[in-house]
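Asks: One letter stands for each residue in the lines below.
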Amino acid sequence: MPKTIIPRRQFLQGCSAAIAEMVGARLTNLAFAKQDNPYDILVVVFLRGGWDALNVVAPIAGDDRGFYEKARPDIKISDLLPLSDQFGLHPAMRPLYDLYQQGKAGVVHAVGLNVDTRSHFDAQEYIELGTPGSKSVASGWITRHLQKVGISSILPALSTSGQPTSLLNFVPTVSLSTPEEFSLWDNGLRDSHINALKQLYQGDSILHRAGARTLDALSIVSPLSDGGYQPANGAKYNDDEFGRQLKTVAQMIKLEAGLRVATVDFGGWDTHEYQNDGNGGYMADLLNSLASGLANFYLDLDSGYTDRLSLVVVSEFGRRLVQNDSYGTDHGHGNVMFTLGGNVNGGQVFGTWPGLNNDQLYDHADLAVTTDYRQILSELLSKRMGNNDVEAVFPGFSGSYNPLGIFR
Amino acid sequence: MKTKFSRRDFLKLSTAVAAASALAACAPNNENEIGLPFESPENPVINPEAQTPLPPVPLAILALNRLTFGIRPGDVDLFNSLGTNDDERFINFVTQQLNPDSIDDSEFESRYNAAGFETLHKTHEQLYYDHIANNQYDSNNEAYWDWYSKPAYELVDATLLRAVYSKKQIEEILADFWHNHFNVYFWQDDGVPLLVSYNRDVLRKHALGNFRQMLEGVATHPSMLYYLNQNNSNDAGPNENFARELFELHTLGAENYLGVRDPNTIPKDANGISIGYVDNDVYESARAFTGWRVDDDIYEYENEIGKTGNFVYYKPWHDRFNKLVLGKYIPSDQPDMQDGRDVLDLLAYHPGTARHIARKLCKRFISDVPPDSVIQAAANTFIEFRSAPDQLKRVVETILLSAEFKQSWGGKVKRPFEAVVSMMRVLNSESNRIPSGFHWMLSQMGQGLFERRSPDGYPDSREAWANSMSLLYRWNAAVALTENWMDDEQGNIIRTDVYSQTPAEIRTATTLADFWISRILNQSLSETSRNAVIQVMAQEYGWDETLPEDHVQRVLSAMVEVILMSPEFQWK
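Taken in sequence, the protein lines are chains X and Z. Quick note: the first sequence, position 92, residue 92 per the working numbering, numbers continuous. Quick note: the second sequence, position 145, residue 145 per the working numbering, numbers continuous.
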């Protein structure tokens, strides 16, 4: 069982008192200038697995409530938190509800891809490449955005979970789990290692460039590696994967190293069975982790950063209206997106609701898509990220661009 | 693929995080100076084609790097003893490896026996009985979860030991390939201990055998039935999870998914079979598999269900009505399991499946984007020998003996698992049981064994692994192994002694560097890179000066680490 990583004995051996003293000194010794970024910092939270949009934001009134309850006798959600006359929010999302009421969080319903796929991997790839229906492009949508606006900072892009497709082939991406874990181990000859690695990793291949970037990232992140981060405003991140990732993003934002984009992955949403089972429900636990993470992240950054924060929550698709007999839901189509930030026109449910009557459903089965997900991202790029070139980021889409007014 | 984080998982993560924080606290003591980034910001986007051209290597080096988990000292000599010319040696090597029963692996077997695994010998039923149905501990107790997860943890350990020490290396590569192809996540609900029988009795059993048989083995193994929720699928509302991934990942592949369309509009081949699949085929197949479940009534509330943990066809849950799959009509009221078997036949014998499997195997053995010629040749073998008991062996053989294979040096970057195992192999590291920190490091690199949560398995392309976190921990693994930092409270340890493996007469920085560059890389380095390695060894001494013994003892490992960290060690 992975209890000990490096035994205490060796920890002590390698950690002289002198080094320990220096750790304390490092935080005050930031050598790089504050990096300018006149635009928002974009945080993209991707919920892997296809979250069940109709149980996240469910109809609360009218015929659609009836269709909903009939289709989901065992898994329908009651006690919803009202978002409008028409919709309510899953009660496990309460931590985010306050931000919705304060106008900091917004909802877009019946949003998604305009192509026919119920495949996780196709749908995720289409969304992240930004080219629905095609996988031939060799860069992600965020890659193209950053290429378009140009990079002037030392830390333009961060991923807290590997290299996401949205940042495909964008070399300056730094991926790391937490700043504490992001350290290079050595036996006392660290400088020597780093000098040699700089020589060894000169080259154009993807591997050479990743190595060079890793060396840069070590320098950038080293001021944070002592693990002494104190979130602002009493924010308390959950000690779960999502909470840790957001905490990392907050730290990197506050590092003022010119972060433009951060991507965060949150898996486990493929709820084919027993989605409401267990103590409060499997999906409720996920939703609570999500909402609590986002609320604490916002609280933490509400210390001078939220005016430049735009966060979106996306997932590859929503799920079937009708539940299956294992108390779960199978792959569907139309979805719901959330936005969060100081310049979100929050407190509203955006989008055109297609209805849940059988002939209003996509393929007579799923919530239809009435808003292309690229509308939201294009509006975000244009209004908050200084990029009006929708076509460069989403080839073929600019003609359909029609902002909903979700960002100021 | 819904998965619950077990308590075990949380414990595992939190201790890992705590330990890592402790470690980080004493790591860097400099690097506050940030100048211009070393990586050029003017050219932020990689050209996927860009590649530093690699000088060609002898066939022995290509073959051993690609068809084993890394070259051990002596491997090249063994390879060269297999014939009088490269082609002969290569064919003999491949033939030997594809007939693993012919290989004397007694050295590994002794090591495996000495490892003292307590659960890996158990049959599927025993695993279920001992670790699930009759776990004697209280489920509120840590001991319950230790006992529950023990077989799967032992499997992780044994898999690493095999990769490092077994001589049956292609068998290991294929076991890894097929576990990723038919991925089951370690922490899937309900059946964690059964990962052992899934890996052994299904994937390894058929890895060089017949695909259709392996497919049925997968479709009827409780690990898969639980993981993709087939276990609860019944006629009242079929669960589509397994059927969806059966088409998309296990057989036809996403390249043959034609989307949400009327199945009658899909073109048919000469036998009337659809050329690709649509959602309706998934729905109909989900119906065909209803009633394929596990005999797992441990709480005794189902009348006709026992608690053996075996596969069971449960007729009351089966949708008895007719179905239409890939254009083939499946009539009502067929004999038990026939509906599902018809679907498996359709999929296993479909030319789209042959190409999908062939492409993935070529991607593993040749390059990230393999030439179409070898894919088609492998697919042809797959189709021609579809009923042969050694179908998959023949497919692999087609790929390995192709002209394309011989020209493929540099086509792959080692994935993290391969990278760290190859470090242990080249350093002659010694271990009978792998310490827990080793597994944690693999997770940090993004490739914890059997820890891919989604059913697609770990990616097999360089883009997925060329990121800072993954590369940094690959470097850290080089340090941890060479410095002998890998041990744990259970007494599991990995020992590496680079000093004693260095001939005493070699004592200048230049000769030490050349010795270890040749030993680790089996090739030479560019002048710049070689100089960088020499400088690490020399430190304040001259490059051709005889180094004091205490300096060698102190610095040698740091130099070896740098060679293991080099890009040249990651290519294959």
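What the hints contain is simulated information worked out from the structure, not anything from laboratory work. Heads up, a few of these hints could be off.
[Unchecked claim] Calculated cross-link-like contacts (lysine-lysine; reagent style DSBU-like; alpha-carbon spacing at most 35 Å): (1) Z/Lys-315 with X/Lys-76; (2) X/Lys-135 with Z/Lys-360; (3) Z/Lys-406 with X/Lys-135; (4) X/Lys-135 with X/Lys-148; (5) Z/Lys-328 with X/Lys-70; (6) Z/Lys-328 with Z/Lys-167; (7) Z/Lys-363 with X/Lys-198; (8) Z/Lys-268 with X/Lys-135.
Asks: If a hint holds in the structure, say so; if it doesn't, say that too.
Replies: Structure-based check of all given hints:
no.	hint	result
1	Z/Lys-315 with X/Lys-76	29 Å, holds
2	X/Lys-135 with Z/Lys-360	18 Å, holds
3	Z/Lys-406 with X/Lys-135	30 Å, holds
4	X/Lys-135 with X/Lys-148	20 Å, holds
5	Z/Lys-328 with X/Lys-70	33 Å, holds
6	Z/Lys-328 with Z/Lys-167	45 Å, violated
7	Z/Lys-363 with X/Lys-198	30 Å, holds
8	Z/Lys-268 with X/Lys-135	25 Å, holds
This entry does not satisfy hint 6, going by the numbered hints stated previously; all others are met.
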